[in-house]
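Here's the letter readout for the chains.
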Amino acid sequence: MTFQTPPAVEVRNLAKHYGDFVALKNVNVTIAAGEYFVLLGPSGGGKTTLLRTIGGFQKPTSGDVFLHGKSVGHLPPDKRPTTMVFQAYALFPHMNVTQNVGYGLKVAGLPKAQIADKVAHALDQVGLTKFAQRKPHELSGGQQQRVQLARAIVLDRDILLLDEPLAALDAQLRKDMCLELKHLQEKVGITFIHVTHNQEEAMTVADRIALIANGDLVEVGRARDIYRAPEKSFTASFVGENNVLKGKVSDANGVSVTVDVAGAKLQVAKRDLPVSTGQNVTLSIRSECVALETVNDSNAPTDGLSMLGAYDESVYLGLTTSHLVRLPDGTEMVSRIIADADDTLPVNGAPVRLRWKPTDIRLHVE
Amino acid sequence: MNEYENPWFHGLKWAYLLLVVLTLMAPVLYVMYISFNANGFGANEYVFTLEWYGLIFSDELLIGALRWTLMLAIVVTLVAVPMALLAAKYYKAADNKLFPVFLLLAPLFVPPDILGSALLVSFKNLNAVFIWIGDGLGTSMFDSWFRLSFLTATIGLIIYTIPYSFVVILITMGRYRKEQTEAARACGASGWRAFWDIEFPQIRAGVFSASAFTVILVFNEYTRTSLLKGGFDTFTTVLISQMLNTGMSPQSYAMSAMISFVAIAAIGGIIILTLIRAEALARIARGKAEPVMS
Ligand SMILES: Nc1ncnc2c1ncn2[C@@H]1O[C@H](COP(=O)(O)OP(=O)(O)OP(=O)(O)O)[C@@H](O)[C@H]1O
Ligand SMILES: [Mg+2]
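Residue numbers (my numbering), protein chains in the order written: chain A, 1 to 366; chain B, 1 to 294.
Careful, some of the hints might be misleading.
[To be verified] Cut-off 20 Å, straight-line C-alpha distance, at most; resulting in silico cross-link-like pairs (SDA-like, lysine to any residue):
| id | chain 1 | residue 1 | chain 2 | residue 2 |
| --- | --- | --- | --- | --- |
| 1 | A | K135 | B | W192 |
| 2 | A | K135 | B | V167 |
| 3 | A | K106 | A | R157 |
| 4 | A | K106 | B | W192 |
| 5 | B | K178 | A | Q99 |
| 6 | B | K89 | A | R224 |
| 7 | B | K92 | A | F57 |
| 8 | A | K79 | B | A280 |
| 9 | B | K97 | B | W192 |
| 10 | A | K79 | B | R277 |
| 11 | A | K135 | B | I276 |
| 12 | A | K106 | B | R277 |
| 13 | B | K178 | A | M95 |
| 14 | A | K106 | B | A280 |
| 15 | A | K106 | B | V167 |
| 16 | A | K59 | B | E179 |
| 17 | A | K25 | A | A15 |
| 18 | B | K178 | A | V107 |
| 19 | B | K178 | A | T48 |
| 20 | A | K59 | A | D20 |
| 21 | A | K135 | B | A280 |
| 22 | A | K79 | B | F232 |
| 23 | A | K135 | B | D197 |
| 24 | A | K135 | B | K97 |
| 25 | B | K178 | A | G240 |
| 26 | B | K178 | A | A15 |
| 27 | B | K178 | A | Y89 |
Honestly, the hints are just simulated from the structure, not real lab data.
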C-alpha cells in the first residue's frame, strides 16, 4: 500500500516489557488519516499499553512510533499531535464543564474570546450546552464522557485516542454513545483510535479493527471482514459466535481441502493456504450459519458440509435461540436460529444433523 | 450512632473523651487563667488584667526573640513544606515505597536531644573542615558557614518538621487520580503546568495544613533550637531559660499562654475550615447521584 500523505500513525516493531513481563511483542500497524480504528481484544492483551505508547504516556522498550511520518519516540504527550479520552476520573474536579473543555486552549495561550467560542462550539457538538456551568460531580457518567470528548476535540488535534471511553456506562447508554462517537468522528474527520474489549462497540464504530491478544497484533481488517472472514482461528473464536473445530487434513490436492473432524470428512475452501495432508488445522463456522435438521435413518453424512451429533439442549436468548449439539468426540457445536424456542425440539440425546453452506466454513492454518 | 447501642453507653464514651481532653488541657487552661491575673500565681484575689501581655510587647529582649522565632518559622516553612511536597510526589510515583518512607519518617523516632546534639557535633566538625579548607585555599570565606547560627537552627528544624509535612501532604494526595495529570498532559500542558493547574489546587488544603503545622512546631520547639541556635533567642528558649533561672514570673505565664493561644487558634482554624469544606462537599454530593463508575 502506498500513501500520498504519510499515515496518521505508524507503529514499527513495537515492544513493551514491564520487567520480565512482555506486554507487547513486536507490533506493526499502520492507521490512515481520518480512519476510525479500533483496538479490540481480551482483557490484559496489551491494548491500553499500545494506545498509551502511541500517546506518549509510556516509553516503548524497543521499536518506534511515527505520527504523520515523524518519529515521536522522544516526545512527551503534550508535544504530540494526539489527545486522549480516558475511561474515567479524568475530568478536573475543581473546574466546571466550560473550564474543563477550555483548559487545553488556555494552556495554548489563546485569547479568552476565542476560547469561549471554541468551547461553546465543542459543547454544542456533544450536546452539553445546557451543562456548561456544572462541576464534573454534578454530571452523569455519560455526560462526563461527553465532556472529555469535547475537551479533546476542541483542541483540533488530528489524532484522538480513546481508552475504553464507554466502559463505565450501562449497556443502553453505551449503544447510544457508540453511534454518537461514530457520527462525531465523521463530522470532525480526524483519526480516532478506540480501545475496547466489547465487540459490539467495536463493530459499531470501526472502519477497521485490530485484534490484540497476549501482546500480539493478531489480525487487522475491516469490521465486516473480521466478523465474516476471519483469517486467524483466534479471531474466529473472539469475534462473533463461531464454532471452532480442530481436525486433520486428509486431502489437500484440490481447490478444496478435506479435513477429518470427529469422524466426519468436511470440505473447506483452500484459499491458497499452505496446507498438506496430515496437518492439524482449525475450521470455523459462525453459529448463525449452522442449520439444525432432524435425522431420519437413511441420512448419511457424505456431502462434507454437515455433521451428525446428539442434541443436547437449547438456550433461549430472546431474538435467537442457541441449540447445543454434542459431536461424537465430545466437542460442543452451536446452531443459532432466529425462532422461538417453543417449536418442538428434539429430545435430549436425539441424533441431529448440523448443516452449512460451502461459503460459510473457513480454514485456518497457524 | 449505632441504633442498637445503649444510649447511656454512648453518653459514657463522650464523657470519657471529654475527660481525656480536659485532663490534657487543664494545666494549659490554668496557665491561661493565671496570665490574666494582676496578682499573679497563688494570689488570693483575682483581678483581670492585660498588664503581663503588655509587658511582653514592651520588652526589647522578648520582642527580639519573637522576631527571630517568626523568621525561623517562615524560613523553615518555606523550605520544609515544598521539600515535603516534592518528597510526597516522588514517593507516590516510586516503585519501592518502604525505603523512602523509612528515610523520611526516621527523624520522628529520634529523641529531640539526641537529634539536636548529633547535629551540633556534625556542625562543629563541618565547621572545622570548612575552616581547614579555607586555610588551605588561603581564604577565610568558609569560616562561618557552619558556625552555630540561624542557618544551623534552620537545618535542624527542617529535619524535624519535614516528616510531619510529608505525612499530612501524602494523605491529601491519596485521593488524587493520576488520570487527571495525564488528561492535562493530553491537553498540551507540561508536567509542571499540569501539577500547578490541576494537582496543586486539589492538595492545597494539605499544603496549608502542613505549613500551619510547621509554624507551630517551630514556635514550640525548645531542645533542637536551643542546641543549634547561634547568638539569638526564640520565644520558647527565652521562656524556658527564664523558668530555669528565675522561676515562673507573671510574664512567663503570659508568654506560655500566648504560645498556646497561637497554636490552638491555628489548629482549630484548620479543623473548622476542613469541617466546613467537607460539609459543603457532602451537601453538594448528596444532592446529585454518584456518577456511574465501575
Ligand atoms: N505498569 C505495569 N507494570 C506491570 N505490568 C503491567 C503494567 N501495566 C500493564 N501491565 C500488564 O501488561 C498487560 C497488558 O496490559 P494492558 O493494560 O495493555 O491490557 P488491556 O488490553 O488494556 O486490558 P484491559 O482490557 O483489561 O484494559 C497486562 O497483563 C498487565 O497486567
Ligand atoms: Mg485497558
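So, going through the hints one by one against the coordinates:
no., hint, verdict
1, A:K135 / B:W192, "violated (24 Å)"
2, A:K135 / B:V167, "violated (29 Å)"
3, A:K106 / A:R157, "holds (15 Å)"
4, A:K106 / B:W192, "holds (15 Å)"
5, B:K178 / A:Q99, "holds (19 Å)"
6, B:K89 / A:R224, "violated (47 Å)"
7, B:K92 / A:F57, "holds (17 Å)"
8, A:K79 / B:A280, "violated (38 Å)"
9, B:K97 / B:W192, "violated (23 Å)"
10, A:K79 / B:R277, "violated (37 Å)"
11, A:K135 / B:I276, "holds (19 Å)"
12, A:K106 / B:R277, "violated (28 Å)"
13, B:K178 / A:M95, "holds (16 Å)"
14, A:K106 / B:A280, "violated (29 Å)"
15, A:K106 / B:V167, "violated (33 Å)"
16, A:K59 / B:E179, "holds (17 Å)"
17, A:K25 / A:A15, "holds (5 Å)"
18, B:K178 / A:V107, "holds (19 Å)"
19, B:K178 / A:T48, "holds (16 Å)"
20, A:K59 / A:D20, "holds (16 Å)"
21, A:K135 / B:A280, "holds (14 Å)"
22, A:K79 / B:F232, "violated (52 Å)"
23, A:K135 / B:D197, "holds (16 Å)"
24, A:K135 / B:K97, "violated (34 Å)"
25, B:K178 / A:G240, "violated (36 Å)"
26, B:K178 / A:A15, "violated (24 Å)"
27, B:K178 / A:Y89, "holds (9 Å)"
Checked against the numbered hints above, the structure breaks hints 1, 2, 6, 8, 9, 10, 12, 14, 15, 22, 24, 25 and 26 and satisfies the rest.
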